[in-house]
Structure formats: structure tokens, C-alpha cells
Amino acid sequence: MSAILSIKDLKKSYASGQIALNGVSLDIERGEILALLGPNGAGKTTLISTVCGIVNPTSGSVTVDGHDIKADYRAARSLIGLVPQEVALEPFEKVRNTVRLSRGLFGRPRNDALIERILRRLSLWDKRDSRINELSGGMKRRVLIAKALSHEPRVLFLDEPTAGVDVELRKDMWDIVRELKAEGVTIILTTHYIEEAEAIADRVGVIARGEILLVEDKASLMTRMGKKQIDLQLADPLDSVPEALAGYDLAIRDGHTLVYTYDARGPRTGLTRLLNDLAAAELRLKDVQTRQSSLEEIFVDLVREDAQ
Amino acid sequence: MNLTAISAIYRYEMARFFRTLLQSFLSPVISTSLYFVVFGAAIGSRIDQVEGVSYGAFIVPGLVMLSVITQAISNASFGIYFPKFIGTTYELLSAPVSFLEIVTGYVGAAATKSLFIGVVILATSTLFVDMSVAHPLAMVAFLLLTCLSFALMGFIIGIWAKNFEQLQLVPLLIVTPLIFLGGSFYSVSMLPPIWQTIALFNPVLYLISGFRWAFFGLADVPVGVSLMAIALFTGLCMAVIWWIFRTGWRLRV
Ligand SMILES: Nc1ncnc2c1ncn2[C@@H]1O[C@H](COP(=O)(O)OP(=O)(O)OP(=O)(O)O)[C@@H](O)[C@H]1O
Ligand SMILES: [Mg+2]
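Respectively, the protein sequence lines represent chains A and B. The letter at position 247 of the first sequence is residue 246 when you use numbering that gives the first Met the number 0, and the numbering goes up by one with no holes. The letter at position 182 of the second sequence is residue 181 when you use numbering that gives the first Met the number 0, and the numbering goes up by one with no holes.
For the record, the hints were derived by calculation from the structure and aren't laboratory data. Among these hints, one or two may not hold up.
List of simulated lysine to any residue pairs, SDA-like, C-alpha gap at most 20 Å [claimed, not checked]:
(1) K161(B) / A87(A)
(2) K10(A) / G247(B)
(3) K10(A) / T246(B)
Distance windows between CB atoms, simulated [claimed, not checked]:
(4) E164(B) / A112(A): 44 to 52 Å
(5) D125(A) / L33(B): 44 to 52 Å
(6) E133(A) / T246(B): 37 to 45 Å
(7) L33(B) / Q17(A): 51 to 59 Å
(8) Q17(A) / L21(B): 45 to 53 Å
Ideal Cβ positions, reconstructed from N, Cα and C, are used throughout, including at glycine.
Whole structure, please, built from the sequences with the hints as guidance.
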């Protein structure tokens, strides 16, 4: 797979002096779903806005399918759809007209059948002739999505698409994202919901203070998450793992606790056998505790480490 | 050239105009009629003739210019300020369109609207006064150029303005006085000599003079100078807009 979006050493400092992006490099593969996680003010929106041409980068380069976003902006931008974080819509305009305008702006010929399909998919068809200011917040967000989809982008940016959206709609949004992926659309979304990243992303990126801290396959993250640990607190202190237990992934903590790491998702955890062997080795247990690292924990740890 | 985008912007902007068509049509008709009642009937009954033209007819070109200029500016400035204000410019900036296409769409729509109003006023005038147009082609050319150049200027104001007050500022403080002092309702030759000289620094004078020449064949300044002045003004506005889009001034952070 070749990268459809290639970001190289992108920097942005705003006129206020605020450094929002501090050398971001990121390759996004064709057809993948990348979830960008990061605390408020991390630079997610700035990153997206720069790629889309709304923010002038201070330095660095971005190419979309090989087209530079500056030198070859027409080719680059015509591939991109953007759903912004803030709802910005003309209040007195009708839903269908504003979606049509988006398609026209991107140089696409009028296609009412396509727009009907998009509006139906987003449950907006009944509202097609309503004015924007007659819609609920969640509906407005969907209008933004309809606008972005109206010109059939190959790369779609969703900046917190599910903020302020009810649970049912959020699930529905995930389905739409999956459908788009099936059509070959590359999707980059930002979110504060870790479960959202878990549910739909192929890869997860963590950004904080304008820097990418991690970009990793969700599958391998899940394996890391899938790893569970059990703390076996012993009645008597221990200096080393007994010979009889050498076959297990064991570590000693505080001289009193054996820490066993295992894959909770695997077919065999080895717990029963371990407990039997412990008994055989005549080690007495005082307490038992299990722990699991979640994506959220990984995320929070990363951001905290970075802050130090 | 992204022609689809130009026509999308143009039609979207015009749709707004057509939604309020009656209002767009009625207000110039009413205000023109008022001007004729006040200037034509009340003052005109005392002035009678200006350089061989009845006063009622004499003020028609100035009246048309006054409305066309103010309408072109307010339509174009509001047309781009409003999207900026509510944040929908994100879409313009992220679309594969050039500055020329954006300007053509927005300014074209604003110019069309003001042209429509100019025509309505002209038509209304014929109900009050007898008029003939000496140079119809030149009349159309002046009208079109005025619509275009002041729509361009309005576009610049709309991008420059940071709030609604600023949006009103330039038209109110600069443009309207210039129009009134530019000989809309009188010939500059009626002024004392010193004021005649000062008036020559008013760019709007050249416009109104040229436009009036197209109607009656009389002008305060040679018609060639008028044409050059408006061409220069149009070129200047275009240069400013080109610079705005190149740098993203007040649009792109
Ligand atoms: N137009 C602007 N002018 C000046 N500073 C800005 C501007 N936009 C954003 N910033 C600053 O840049 C930094 C990054 O902001 P950005 O909006 O990219 O964060 P974010 O990751 O999208 O946050 P959130 O999760 O809250 O949406 C912040 O410190 C913010 O204050
Ligand atoms: Mg953001």
C-alpha cells in the first residue's frame, strides 16, 4: 500500500505566537481509517485545517496522492472532503441547496440522484427543504457530513464527527464510515472517545502539544491491551522465581508479589496450570489482583510522559 | 478554470436575491419616486433647466449611479462578510477554486443585482420624465463598469471588515459623500471655481459625468478621462483582491 497523504515536518505557529504544530510527519495509507487522539489544544484541528488549505503552514510539506497542497492545490483539494469541528452553516439556506453548492464548488456536475442518496443515508431526506436554523444540532452536523460527501472525496477528514451526537446516531455514523472505507475512501477522524477509535480505526495516532507521540496499528495496540497481568501476592517473601515456575512469564515486584503477564484473548491463559504449580511449589497466596491496560490508559500515560 | 464552481457560487448568491425579489424590486422603485417628488418636483420647479436639459431628466443619471454604487458595495461586501462571520468560508478555502473564480462568482452576483436595480430605476424614471439616450452603448458600458468596479470594492470591504460597524463605515463615511459631492444632482459648473477644482479629485465625479454624457452628450470632464478613471479604479480593486487571496489576508490564518 502506498501513502495517499504524506505530511512532512509540518509546523504551524499562529500570529499569536502559539505553536500549534511542532514538526508533524505522518503517512496515511490508501483506504485506511486513522483515528487521531489528543487532549484539547493538541493541534488536531490545526493539522486538518492545514492539509485542507484553511490554515497557512509555517513550514513543511503535504502531498495528497502525490499532489502538493500548495503548488498543485486544485488536484490535491479536489480529493479531500472536510467535516469541520465547528458547525458553520448559513442559517436561512435550505439543506439541499447548501449540499448542492458544496458539490458545485468542487467542480462536480449537478447530480440530484447522488445528493438524494446521501441525504437519505444521513436521514436528512425529510429535511431536504428545511432551513438550517430549523434543524437540531445533531442534524446540522449531519448536513456538514452531507456537504463533505457531496463531491465524492477520496480522503475524508472528520473533525470530531460524533461530538454532541446521541449514541444511536454515533453507531450509525460508524456504519457510514465503514461503508465509505469499503468504497475505498481514506478516513482521518479526530475524537475524544477512545471507544470510537477502538470501534472503527485501523490505526491510532496520538498527538499532544503539536507533536505526534505514537502512530500504531490498532490490532497491535489491542494486543498490548489484550495483555493482562495478575498480581499474586505471596505470604512469604521471595528473591527469585522458583525453578519450578521458570516456564511462565513471571516477574517479582517488591519481593512479595509475583506478576504474571498473559494474553486474556488467547485460547489458553495458563492460569489454572500456574495456580496448580504454585501450590505444588508450596507458595502460599495472600491476595490476588488482575489488571488490564486500556487504550485510554496507554493514551493518558503517553500524554503525561510527554508533559514531563 | 473551475466554471462549475463559478456558476455554483453565482447561482447560490442570486438565489438569495430572488427569494427577496419583491423587496429588491420595490425599494428602488419607491426611493426613486421619492427622489423625483423631492428633487424633481420641489427643487426642479425652481431650477427648471440645466444646460438645456430639464432638471428632472438631468438628475436621472446621478440617481442611477447613487443606487447602483451603494447597492453594488453593500451586496458584495455583505456577500463575503456574512460567510466570514458565520465561518462558512472554510468551504471556499478548502475547495479547488482559485481566487479569480471566487471573485467572479461573488462579484458577478453582486454586480448583477445592482445592475438589476439600476435598470429598475431607469425604467421608473421614464414614468416621471421624458428621456432619450444619446449614446446607448456608452450608457450600457458605463453602467456595467460601475456595477463591476464597486462590487469589487465592496468585496474588499467585506473581507477587510472585522465587524458589522466596519462593514458600514466605508460606504457611510466615504462613498456616500463622494457620490453626493460628485455632481449627482447638479452640474459641477454650478459650483464656485475653487470647489470645481476640489471636485476634480473626487473619482465618482468622472463616473457620473461620463454616465451623464452618455444620456445628454454633456459632461463635466471629457468622456475619455471618465472611462480611463473607471478602468483605473477597476484595475486597482482587482490588484488588491489578487493580493488578498495570494496572502490569505483576513481569510486564512
Ligand atoms: N486561529 C488561531 N489563532 C491562534 N491560536 C490558535 C488558533 N487556532 C488554534 N489555536 C491554538 O493552537 C493550538 C491547537 O489548537 P487546535 O484547535 O488545533 O487543537 P485541537 O487538538 O483541535 O483541540 P480540541 O480537541 O479542543 O479541538 C491551541 O493552543 C489553540 O489555542
Ligand atoms: Mg479541534
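Hint check results:
1. K161(B) / A87(A): Within the cut-off at roughly 18 Å; holds.
2. K10(A) / G247(B): 18 Å, holds
3. K10(A) / T246(B): Satisfied, since the Cα-Cα distance of roughly 18 Å is no more than 20 Å.
4. E164(B) / A112(A): 44 to 52 Å: Given about 46 Å between the Cβ atoms, the range holds.
5. D125(A) / L33(B): 44 to 52 Å: For L33(B) against D125(A), whose Cβ atoms are near 46 Å apart, the range 44 to 52 Å holds.
6. E133(A) / T246(B): 37 to 45 Å: 38 Å, holds
7. L33(B) / Q17(A): 51 to 59 Å: 53 Å, holds
8. Q17(A) / L21(B): 45 to 53 Å: Check passed, 49 Å falls within 45 to 53 Å.
Violated hints: none; the structure is consistent with every hint.
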